[in-house]
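With the hints as constraints, model all of the structure from the sequences given.
There are 2 protein chains.
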Amino acid sequence: MRKEIRIAGSGGQGIVLASILLAEASGIYDGKNVVQSQVYGAAARGEMSKADVIISDEEIYFPEVRSPDIVITLSQDAYDEFTNGLKEGSLVILDDFYVRHLKDGIKNFHYPITKVAIDITGSKISSNIVLLGILSGLTGVVTLDALKNVVNERFKNKGELNIKALEKGYELGAKEAYDGKTN
Amino acid sequence: MRKEIRIAGSGGQGIVLASILLAEASGIYDGKNVVQSQVYGAAARGEMSKADVIISDEEIYFPEVRSPDIVITLSQDAYDEFTNGLKEGSLVILDDFYVRHLKDGIKNFHYPITKVAIDITGSKISSNIVLLGILSGLTGVVTLDALKNVVNERFKNKGELNIKALEKGYELGAKEAYDGKTN
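Order-wise, the sequence lines are chains A and B. The letter at position 46 of the first sequence is residue 46 when you use our numbering, and the numbering goes up by one with no holes. The letter at position 173 of the second sequence is residue 173 when you use our numbering, and the numbering goes up by one with no holes.
Please keep in mind that the hints were generated in silico from the structure rather than gathered at the bench. None of these values were measured; they are calculated from a predicted model. Incorrect hints may appear among the rest.
You can't tell identical chains apart in this list, so a pair holds if it fits in one copy or across any two.
[As the list claims (entries may be wrong)] In the DSSO-like style, the derived pairs of lysine-lysine whose C-alpha atoms are separated by at most 27 Å in a straight line are: (1) K156 to K124; (2) K115 to K156; (3) K164 to K87; (4) K87 to K124; (5) K156 to K168; (6) K124 to K158; (7) K3 to K148; (8) K175 to K107.
See below:
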């Protein structure tokens, strides 16, 4: 099992933190091998933020995402850019407030990611936690328990609300748990 | 110019954050191309924390650190592990409180990194800021101004003390600015 996951959106949406929490959950608590990376500079265009996580049962010899299995997008720009050339079977998770124009021929899974974050925690900054819950419920690529552990560690003061955001995301994702579920 | 920088220490020393701040400073403010990455899981041994940054004037086609130009270590374990097989010309920056047993034949630059952090900010958690200042002063691989920008963005409340920690680190590093200085 090797899964390449790309998370992308605008600056300020907590994309890098989402990918680090995912990597910690999977690497420390799910016992997988994980490489997490992001690019800055000319290669990272404008206001876009993008981070990659590779999760594998085996040692990871090639630490670069070439053809993601899962793409999570929190902005239209990110959607337009990173859903190009997806391989068959790849799925796309998107925020249906920020991403309104969808391409055909892609497995789009849309959720009110930012809205759920605001409803539960009062701040859109928690949308990165909601998306991790969705990712877990929908694909099983990371366990909910592992995510709870890292969220509790990271958010000492606001742990409880973030756990709620995570669980709500999981619930939404699990409703249509993807056929290609990896667990 | 391509520089591979590895930062390593124990869990809880802010190693990953240090590498992300370095990557942001270099990629966003110094105009370089940067890849930042870390590994979790079986490949990351025990309590050790390690993060890599590659800084380049060119596009980065090979995003993996193979032979670091600069290794920064905040623990003896990290020093012992990541100073093996260094190429000629590589330099090692170390915390002289945590790293006491040094190898011969290595360009060791030792500083009271954690002590300076505690003296200035009251907390050893700022040692990752001090080390970034030292890196800038000693090697020039990232500018002090770029680091100030990212530190101010990141630490809204405690910005001022962290800037002081950064400047003190820079001052220490600049005292023995390395011959192989890259700027």
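* **Broken hints, by number** => Structure breaks hints 3 and 4.
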